[in-house]
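Asks: Residue numbers (the UniProt record's numbering), protein chains in the order written: chain A, 1 to 301; chain B, 1 to 301; chain C, 1 to 301; chain D, 1 to 301.
None of these hints come from the bench; they were simulated from the model.
All residues carry an ideal CB built from backbone N, CA and C; glycine is no exception.
Keep in mind that a hint or two might mislead.
Stated by the list, open to error - The calculated lysine-lysine pairs, modelled on DSS-like cross-linking and capped at a C-alpha distance of 25 Å, are: (1) B:149 with C:10; (2) D:296 with C:10; (3) B:235 with A:235; (4) D:10 with C:296; (5) D:230 with C:296; (6) C:10 with B:202; (7) B:202 with A:296; (8) B:149 with A:10.
What the hints assert, rightly or not - Here are the simulated distance ranges between beta carbons: (9) D:295 with B:98: 50 to 60 Å; (10) A:201 with D:242: 51 to 61 Å; (11) D:227 with B:197: 55 to 65 Å; (12) D:155 with B:78: 24 to 34 Å.
Unchecked claim - Footprint (simulated), chain A over chain D, 3 or more residues, beta carbon under 8 Å: (13) 34 to 42; (14) 164 to 172; (15) 201 to 211.
There are 4 protein chains.
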Amino acid sequence: MNVGLIGLGKMGLNLGKNLIDNKHEVVAFDLNSKAVEEMQMYGAKGVTSIEDLVQSLEMPRVLWVMVPHAVVDSVISELMPLLNKDDIVIEAGNSHYKESIRRYNQLKEVGVNFMDVGTSGGMEGARNGACYMIGGDLEAWSMVEPVFKDTAVENGYFYAGQAGSGHFLKMVHNGIEYGMMAAIGEGFEVLEKSEFDYDYEKVARVWNNGSVIRSWLMELTEHAFSKDAKLDEIKGIMHSSGEGKWTVETALDLQMATPVIAMSLLMRYRSLESDTFTGKVVAALRNEFGGHEVEKSKGNK
Amino acid sequence: MNVGLIGLGKMGLNLGKNLIDNKHEVVAFDLNSKAVEEMQMYGAKGVTSIEDLVQSLEMPRVLWVMVPHAVVDSVISELMPLLNKDDIVIEAGNSHYKESIRRYNQLKEVGVNFMDVGTSGGMEGARNGACYMIGGDLEAWSMVEPVFKDTAVENGYFYAGQAGSGHFLKMVHNGIEYGMMAAIGEGFEVLEKSEFDYDYEKVARVWNNGSVIRSWLMELTEHAFSKDAKLDEIKGIMHSSGEGKWTVETALDLQMATPVIAMSLLMRYRSLESDTFTGKVVAALRNEFGGHEVEKSKGNK
Amino acid sequence: MNVGLIGLGKMGLNLGKNLIDNKHEVVAFDLNSKAVEEMQMYGAKGVTSIEDLVQSLEMPRVLWVMVPHAVVDSVISELMPLLNKDDIVIEAGNSHYKESIRRYNQLKEVGVNFMDVGTSGGMEGARNGACYMIGGDLEAWSMVEPVFKDTAVENGYFYAGQAGSGHFLKMVHNGIEYGMMAAIGEGFEVLEKSEFDYDYEKVARVWNNGSVIRSWLMELTEHAFSKDAKLDEIKGIMHSSGEGKWTVETALDLQMATPVIAMSLLMRYRSLESDTFTGKVVAALRNEFGGHEVEKSKGNK
Amino acid sequence: MNVGLIGLGKMGLNLGKNLIDNKHEVVAFDLNSKAVEEMQMYGAKGVTSIEDLVQSLEMPRVLWVMVPHAVVDSVISELMPLLNKDDIVIEAGNSHYKESIRRYNQLKEVGVNFMDVGTSGGMEGARNGACYMIGGDLEAWSMVEPVFKDTAVENGYFYAGQAGSGHFLKMVHNGIEYGMMAAIGEGFEVLEKSEFDYDYEKVARVWNNGSVIRSWLMELTEHAFSKDAKLDEIKGIMHSSGEGKWTVETALDLQMATPVIAMSLLMRYRSLESDTFTGKVVAALRNEFGGHEVEKSKGNK
């Protein structure tokens, strides 16, 4: 299949190679010409503008957009006047499902198909077999299924139905991921604080072989400990990129309780701080009523 | 009434003065002779040993024990051989209710009464009007009620019934206190992080006048901000002395969910750490699957 | 002062009477003519349309809008063409602070002042002395301060500054309220599940006299137990009206951890359900790996 | 190797067959003679008393105890007088690590070795390849390693060191398991409450193929949904058997925050209730200050 690939970052490059390995023809564009070059050397046709890219594709065109979610709208705006009825835009980044529904409707008005695709499996997955969660119209889906089938691991793609359902599924997937990662982290922290002196790599290995909690995340844990036995080199600052927050916000809108996912998110935020105002207030109050001494701050807020 | 007071720390001294103000005769003992002297200057009879103290009291004796919970058992062991049937030991510290039940039974065997008393209101309360939650036998209670009535604020004492029920009530009181304090702290942290620039003393003041959340804790908050407008001088390290933990443990034993009290406790523990192993594991995992950069630790664990 | 009052629900009626008690002249409007009549009998001038209301007021007009937040925008739309430069609209309902900032800007364009006012203290407060948190321009504030001063309890009003800061403060106030209420509830649940048999009204009373957790909410707790000793008549379904959710959402946007307020909100949502899908999944999983029996549902979801 | 197996429940029977498959000689005992018979038919030597069992084994004896944790102590008491120096007792149930340390010391005094073994993988694992976490003395370990190696999956056993370290590891494993299961459950609940209509079996399948959250628990989730598409037949009541609670209690003793594991436990407790006293108190309070209507209970507590 003839695919236009916009966005050759970590994920896009890997996906492009994966497509080519699977005999798809890739026309590739990125603002970063080095990345275009790398893609070209691997067998893609490199172009220097979105306009060129669109003109290079057979109709109905298949455009795979894999750019940071902050620039999705501008890419789509640039694409819109260039596309024809029945062309298909695949948006495979981490967008909020409500934005995907909006974009679907926006393109629908000019007859262009929009598919929202959540991608999991990391860079390794993009390269050798990803996991896709896909929303959009069924007719468009039936046209592009081969691209997904070929670049996914076996059974690693799922057409979920109406617009937005792909990114929604990916959002929830990441919410679960937050909770699982926090559970694993907390478990190892209990080990670390305990009276026992465990070899964490070996702990993770045994947990990966026959236990109830065996999982890819535990395999990654094993790998991380194999490189740095006590993670001495790493600070415990847990950044986040949005989907966990969206999951919690969506749950609040649905008036439902997701305490485990919510706490995993809140502890990420807590990890960004070295001290908290909550703590200052509570320490001050303990001093007020009980005469408990407070620890003095050394000038920093 | 004739009262033997053992333990002249912050709380004991204030209570002793309160008793004397209310025309009770206090015989006072502490290992710290300065404290005994201070009590004596206020009108108590100071003694230099528990033996002396016991011998100085009218029978049936009333002994008010106000010592750190780590030494309660040794004080009781020392008292036991010296006491007579129908004497009354009032244990007014922060003991675990199960220990109080054990002590009640231990003294019951030799005919001595034991009352477990939770005391709230801080040092100020001990001095001018405390709040008491009291467990133990009814007959003993009817003998000592005047001492509590006189040293409590109006309606500030409650005989709750069987042994242990006083300290249990105090434990739960402190659990609620943990939750309330955390709620107040979190609220001010939201203000602190917001786009607005509030005067927190004035915020606390308006919340103390007519609002739903007016409370003594909010008054203490107002007072704390009057001394240090942004709490710049205070570190947000939240120590804890046991009752919050006991509340959560008791709830677990009762198979019930106290998420708010539990989280207020866990965040106190979290505040004791500058970095967490949980965080290291999660950061390492994000790096493993997503290539997200980790922040390097500078050698400290 | 001459005040136009729009909205005579539970809060509006009480506030109107409070204004009149304090010698303010009230022109009152509500779609419900009964309410207008009641207000008129108390001394207000009743009108039958917003147009009449605006025409009845001295300039610069002071309009106090106290309507459900769903209709605030339509009331403001209706008011806008009728108002003159320097008129003042006071919006005293529970609006989201971002909406208040939007409305402030909207009215600013036509020279009309907008003040966002959070009101606490319940119906009783509205009637006899409320607690106000107020945002908006300083010049407008200096004109209307008397109205707030007279209808608040002593020290029960606070001009917090720029537009939005009043409703933001009220939002956080309610977040704290959620946390405090949950802490109190959890504490009593521990008592209820314990081996002791407490009289909860008396427990609440002693906690209101001299304890660290004495508070208006504890007084209300005492009152509630005085009417129904074990709350046998009440179902534990905890509805919510928005501010707690907004507090949590705002905290998420600020990337900060408010676990206590968040859990108090999530448990409210949990209370709306008799069974959960989370529970079904976990029960099914325990059955899958451990052969633990599941409890069968009787047909209901 | 010659192994005495005490306890032929779900796990014991499967393990016994696994041992026999791997050419070990099993002498088996259970109070349930049917189970002994079944074991005997599979190739074990069945005995009718612990005394017989001990006498049937070669010295130094290897005794594998796989009984409910409530009866471990009585089995050990019965064994103690029958054993000789250097015999090895393997306790492979779900005991608290502190009890295992106590038992280790108890048997140590009479020269008998004690090994604490946490077993994961469910019944299926016991039958075809389990996962073992093992504590105890190194010399004893070197004698019994073959039994574990043969009945575990590849790399599915780990000698962790000193007494107690095996059961401690299993406890934390289960704590992580609680958190992971809750995260999965919450994720599916968000799907269930959403505007989308997913096929959950297919969702779980795609998440098991290439995604970050692929795991054995997700495979079990897929299997559960394959049998009951919406889990309509299952009530969401989440029982628990101890290790999650122990993990949280241990974390509290270590003064550390495990909010995700803690909340997964608390929500299990919450699921045991149809209504809560916390909820009644909060609903009553909302009614007190805001006049919000409460829902009436229909007589049940």
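Asks: With reference to the structure, classify each hint as holding or not holding.
Replies: Comparing the hints with the structure gives:
no.	hint	in the structure
1	B:149 with C:10	violated, 42 Å
2	D:296 with C:10	holds, 22 Å
3	B:235 with A:235	holds, 21 Å
4	D:10 with C:296	holds, 22 Å
5	D:230 with C:296	holds, 13 Å
6	C:10 with B:202	violated, 28 Å
7	B:202 with A:296	holds, 24 Å
8	B:149 with A:10	violated, 74 Å
9	D:295 with B:98: 50 to 60 Å	violated, 37 Å
10	A:201 with D:242: 51 to 61 Å	violated, 28 Å
11	D:227 with B:197: 55 to 65 Å	holds, 58 Å
12	D:155 with B:78: 24 to 34 Å	violated, 59 Å
13	34 to 42	violated (count 0)
14	164 to 172	holds (count 5)
15	201 to 211	holds (count 9)
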